[in-house]
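Got chain P; can you put chain R on it based on the hints?
Residue numbers (this note's numbering), protein chains in the order written: chain P, 81 to 473; chain R, 459 to 1045.
Just to be clear, a hint being listed does not mean it is correct.
Here are the simulated lysine-lysine pairs, DSS-like style, with alpha carbons at most 30 Å apart [claimed, not checked]:
{"id": "1", "chain 1": "R", "residue 1": "K526", "chain 2": "R", "residue 2": "K755"}
{"id": "2", "chain 1": "P", "residue 1": "K263", "chain 2": "P", "residue 2": "K199"}
{"id": "3", "chain 1": "P", "residue 1": "K435", "chain 2": "R", "residue 2": "K612"}
{"id": "4", "chain 1": "P", "residue 1": "K199", "chain 2": "R", "residue 2": "K723"}
{"id": "5", "chain 1": "R", "residue 1": "K723", "chain 2": "R", "residue 2": "K461"}
{"id": "6", "chain 1": "P", "residue 1": "K416", "chain 2": "R", "residue 2": "K612"}
{"id": "7", "chain 1": "R", "residue 1": "K722", "chain 2": "P", "residue 2": "K120"}
{"id": "8", "chain 1": "R", "residue 1": "K736", "chain 2": "P", "residue 2": "K416"}
{"id": "9", "chain 1": "P", "residue 1": "K416", "chain 2": "R", "residue 2": "K722"}
{"id": "10", "chain 1": "P", "residue 1": "K333", "chain 2": "R", "residue 2": "K723"}
{"id": "11", "chain 1": "P", "residue 1": "K308", "chain 2": "R", "residue 2": "K722"}
{"id": "12", "chain 1": "P", "residue 1": "K239", "chain 2": "P", "residue 2": "K308"}
{"id": "13", "chain 1": "R", "residue 1": "K879", "chain 2": "R", "residue 2": "K521"}
{"id": "14", "chain 1": "R", "residue 1": "K722", "chain 2": "P", "residue 2": "K333"}
{"id": "15", "chain 1": "R", "residue 1": "K465", "chain 2": "R", "residue 2": "K755"}
{"id": "16", "chain 1": "R", "residue 1": "K465", "chain 2": "P", "residue 2": "K199"}
{"id": "17", "chain 1": "R", "residue 1": "K947", "chain 2": "R", "residue 2": "K662"}
{"id": "18", "chain 1": "R", "residue 1": "K651", "chain 2": "R", "residue 2": "K662"}
{"id": "19", "chain 1": "R", "residue 1": "K465", "chain 2": "P", "residue 2": "K120"}
{"id": "20", "chain 1": "P", "residue 1": "K308", "chain 2": "R", "residue 2": "K1034"}
{"id": "21", "chain 1": "R", "residue 1": "K723", "chain 2": "P", "residue 2": "K120"}
{"id": "22", "chain 1": "R", "residue 1": "K722", "chain 2": "P", "residue 2": "K199"}
{"id": "23", "chain 1": "R", "residue 1": "K961", "chain 2": "R", "residue 2": "K736"}
{"id": "24", "chain 1": "R", "residue 1": "K722", "chain 2": "R", "residue 2": "K1034"}
{"id": "25", "chain 1": "P", "residue 1": "K333", "chain 2": "P", "residue 2": "K365"}
{"id": "26", "chain 1": "R", "residue 1": "K736", "chain 2": "R", "residue 2": "K461"}
{"id": "27", "chain 1": "P", "residue 1": "K308", "chain 2": "P", "residue 2": "K120"}
{"id": "28", "chain 1": "R", "residue 1": "K612", "chain 2": "P", "residue 2": "K308"}
{"id": "29", "chain 1": "R", "residue 1": "K783", "chain 2": "R", "residue 2": "K1034"}
{"id": "30", "chain 1": "R", "residue 1": "K662", "chain 2": "R", "residue 2": "K465"}
{"id": "31", "chain 1": "R", "residue 1": "K521", "chain 2": "P", "residue 2": "K416"}
{"id": "32", "chain 1": "R", "residue 1": "K816", "chain 2": "R", "residue 2": "K622"}
Under 10 Å between C-beta atoms, here's a sample of chain R residues computed to sit facing chain P [to be verified]:
{"id": "33", "residue": "T504"}
{"id": "34", "residue": "Y682"}
{"id": "35", "residue": "G705"}
Treat the hints as calculated values from the structure; they're not laboratory data.
Beta carbons are placed, not taken as given, at the ideal position from N, Cα and C, and that holds for glycine.
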Amino acid sequence: MKRIFLAIAFAAVSTAASAADVGAGRYQSVLGDCEGCHGKNLAGGVELMTPFGKLVAPNITQDKDTGIGNYTAEDFRRAMKEGIAPGGKRLYPAMPYPAYARMSDADIAALWAYFRTIKPVRHVVDVNQLRFPFNLRFMMRGWNMLFFRPAPYVPDASKSAAWNRGAYIATGPAHCGTCHTSKSFFGADTGLALSGALLQGWFAPDLTGDRDAGLGGWSARDVVEYLKTGRNGHSIASGPMAEVVEHSTANMKGADLQAVAVYLKDLPPSAGNGGGASGVEAQMKSGAGIYRMNCAACHSFNGRGDSVLFPPLAGNALVRQAGAQTLVRVVLAGSKAVATPAAPTGPGMPSFAWKLNDEQVANVLTYIRNNWGNRAPAVSADEVAKIRARHGS
Amino acid sequence: MAKLLPKRDAVIIGLGWTGSILAQQLTDAGLNVVAIERGPWRDTATDFNIAYMQDELRYAIRKELFLKPSVEAMTMRNTRSQTAMPMRDYGSFLPGDGVGGAGVHWNGHTWRFWSSDFSIHSHLAQRYGAAKMKGLMLQDWGVTWNEIEPSFDKFEYLCGISGKAGNLKGQIVPGGNPFESARSRDYPTPPMKMSYAPTLFAQKVREQGFHPFPTPSANLSTAYVNPLGVRMGQCTYCGFCERFACGNYSKASAQTTILPVLMKKPNFELRTECEVLKVNLSPDGRHAKSVTYIDAKGVEYEQPGDIVVICAYALMNVRMMLLSKIGTQYDPVTGQGTVGRNYCYQTGSGARMFFEGKHFNPFIGAGTLGQTMDDFNGDAFDHGPLDFVGGGGINCIVTNGRPISNRPTAPGSPRWGQGWKKATVEGYNSSMGFSAQGSSYPVRENYLDLDPTYTDRHGRPLLRVTFDFPDNDIRMSHFMSDQLEKIAKPFGAKITTVSRIKKGWDAVPYQSTHNTGGAVMGSDPRTSAVNKYLQSWDVPNVFVVGASAFAHNAGMNPTGTVGALAFWAAEAITTKYIKSPGALVPA
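For reference, chain P alone in the conformation it holds in the complex:
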């Protein structure tokens, strides 16, 4: 009788422990934004356009045939941290294992405990649609040899606990550098980490302390507000970052957001955005007129936007990035900001592709990038034409 009682008690404890693991693991999947690529039910299918061709995020549900239901905990750990799936299959770093390599084994184990509870979905995904020769997975051995330096996160004793937690999240599970750090010809990180990069036609902005293009003008509170609500007094999340906010950062714990803010705010400034445009008086004059007619109603004549809804353009680091690709794209195609429980409106920016020609878009953006104290390189009509052609507008 006593033995039975003990057995029951043990079972209860063990279930409780695993429930805690599952909860912790679910939170790891928030930090890692698994849904962002693998879809809401994790059955895959989201397409990633890389410079090497198309990759489709695989099914990572517990389905044994089409998902990862046959993985062991160790298989999962290796895939996450070494980029090697069972059978020695090499993963592509679009799956950000170079970042996940920094995660602790405990966090990976918790994530796996959560994944074990994911409903199996039978869904065959044709993952590898890269061009030859990039579609040859064995090539990744060489890539890993050259570029992959797996190392667990080592705390910096000279920094605060919050800084270390923020650095761990930003460079580990949240893999900010996957978009915000520029990539070499080989798709490996290059240059100063988190100083901005072009990816899939969007310019992921500089997150360093640079005052023009980076977060130099943001307080830690601004960073937290942005990541939690999708907006703050400086900017509003749209494009791919809208998805990151919706699926990941809006659901992060307050202390973790604060930690990420502490870390980002401590990043040394990048080399800047290339400085302001000069010799563009004609562009500025034309841009001012276009701005009054098309932009001022929401963003206001003084570029300060609207206190609660429309982002300012004056002092907005996003408009001062070295690369204007995001701006051109948003003006041409329009964009819808993220809607979060804290800021549910999700305002939209309309498309101006039908209304403004390449030169007009270039002029108004040059004006916006170099007015009200903004400084950033001019935008040319050729650059706009290329982006217009690429996005079919």
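Using the frame of chain P, we list chain R on its own:
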């Protein structure tokens, strides 16, 4: 055979202002709600593009956002002796369609009807004796001011209305409307900034001893975050409100105040381009089982629900009740029956003044940019020596300064050619107007029923509107025209014109989309279709929400009161009905 769908706690017909408020409140109370909307999905970011929203030809002339007569027409006539004919185009009024309904393309005047409106019969009988109302079917609404005031407050704070209180808990506040009924707190945002015409109007009428105040506006003076966390922008005074959606998130509508929250709720579902054909009743006619609707592919569905809330436009609410046999058709001969009774409209007249050397810049405008005086509205003035009851708000609003429609010319100007062009250039910038929006009181002969001849695309009878301006209202309106003339004199205009209404309502030229009544609320089931909670007396699990419940129409725009009634009905459902389903007021 309609496909039977799983049952929901509540089925809402129409997702305009009232449907959205009901859906929001009912889902908050935990109910599983489906809304069925005949028109398309519309939202600001994708459908109200700021870059082309001010396309007057597309939206004002070709009326893109309005109900098309091919979807639903109506037949109209002035008197019972005439044969009503179907209108080939909507003219005198323009119902909306699609998500947001007419709340998408409204001007934004957001009034509270007065305490004396909700108890109009008692009030007038006490002050003048019941004989004063001879020939009118004025009746109390069944709800009192103190009951309904919190619901007005909820609607104003949902919308972020810009205005100035005139009566704060009984204290008259200078600069606000001294005739309004006591409000519990001020408007959520300050009044809009005034341009020249309303500034001049306020100055001139104040000098004459009247009490001008900023017209309460749903075009917001400042950015605003409403209690749901939804954010609105500051109005840019572009002047494209009426007939247009707002691309700036600055005119309150379901889109700018509720839908961003509502659409994400797991216990809410919206089905667009699905037209409800009727509400299906149990064999004894005392309980609504479901609604039958038809989708865009022509497939019929039956959606069961414990509660059915009819939230279409006022006229369509009445038609839905008649088609579904909820309640009894009103008969103007016997006076029996309640559905279709007390149909009212609005009784307007206007003044325009042409000046020399003044520049009003009417392109700076907004649907509710202006000043109002209520000195001649409702029963704010003594009707003892007068041969009518009712009145109107006098509004000086600067909006619609648009190139196609806004071409005021002084009387005697050429009607075409160069002379006309010159006159429009002068008239556009150097003239200003103000108007009286008069009340409309119910009479026996004005009513709604189903047309005996004409049917819609599904073979259902069209709604028949039988309406003419009652003699009382004509006398009231002529009195208002006299006041406009007197008020205009001290402005010193070169030419002043004042319009005068005539008997014989004409359904063609645009007048007002303020159609009210037909399913009115009240405390007597013999004279009202719904009780004070907007619950059908006959089918207690049906609520009918909107201006259809107005027992008469006041000299004000209806939307503020429509919004308040929506919150009021929602509160009754969530706090009373779901705890104890059944008639909330014994019949």
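Tested hints:
{"no.": "1", "hint": "R:K526 to R:K755", "result": "18 Å, holds"}
{"no.": "2", "hint": "P:K263 to P:K199", "result": "35 Å, violated"}
{"no.": "3", "hint": "P:K435 to R:K612", "result": "40 Å, violated"}
{"no.": "4", "hint": "P:K199 to R:K723", "result": "23 Å, holds"}
{"no.": "5", "hint": "R:K723 to R:K461", "result": "25 Å, holds"}
{"no.": "6", "hint": "P:K416 to R:K612", "result": "29 Å, holds"}
{"no.": "7", "hint": "R:K722 to P:K120", "result": "15 Å, holds"}
{"no.": "8", "hint": "R:K736 to P:K416", "result": "37 Å, violated"}
{"no.": "9", "hint": "P:K416 to R:K722", "result": "16 Å, holds"}
{"no.": "10", "hint": "P:K333 to R:K723", "result": "22 Å, holds"}
{"no.": "11", "hint": "P:K308 to R:K722", "result": "18 Å, holds"}
{"no.": "12", "hint": "P:K239 to P:K308", "result": "24 Å, holds"}
{"no.": "13", "hint": "R:K879 to R:K521", "result": "25 Å, holds"}
{"no.": "14", "hint": "R:K722 to P:K333", "result": "22 Å, holds"}
{"no.": "15", "hint": "R:K465 to R:K755", "result": "22 Å, holds"}
{"no.": "16", "hint": "R:K465 to P:K199", "result": "27 Å, holds"}
{"no.": "17", "hint": "R:K947 to R:K662", "result": "10 Å, holds"}
{"no.": "18", "hint": "R:K651 to R:K662", "result": "18 Å, holds"}
{"no.": "19", "hint": "R:K465 to P:K120", "result": "27 Å, holds"}
{"no.": "20", "hint": "P:K308 to R:K1034", "result": "38 Å, violated"}
{"no.": "21", "hint": "R:K723 to P:K120", "result": "17 Å, holds"}
{"no.": "22", "hint": "R:K722 to P:K199", "result": "23 Å, holds"}
{"no.": "23", "hint": "R:K961 to R:K736", "result": "36 Å, violated"}
{"no.": "24", "hint": "R:K722 to R:K1034", "result": "26 Å, holds"}
{"no.": "25", "hint": "P:K333 to P:K365", "result": "47 Å, violated"}
{"no.": "26", "hint": "R:K736 to R:K461", "result": "15 Å, holds"}
{"no.": "27", "hint": "P:K308 to P:K120", "result": "19 Å, holds"}
{"no.": "28", "hint": "R:K612 to P:K308", "result": "28 Å, holds"}
{"no.": "29", "hint": "R:K783 to R:K1034", "result": "25 Å, holds"}
{"no.": "30", "hint": "R:K662 to R:K465", "result": "60 Å, violated"}
{"no.": "31", "hint": "R:K521 to P:K416", "result": "27 Å, holds"}
{"no.": "32", "hint": "R:K816 to R:K622", "result": "28 Å, holds"}
{"no.": "33", "hint": "T504", "result": "7 Å, holds"}
{"no.": "34", "hint": "Y682", "result": "7 Å, holds"}
{"no.": "35", "hint": "G705", "result": "7 Å, holds"}
In this structure, the hints that do not hold are numbers 2, 3, 8, 20, 23, 25, 30, in rising order.
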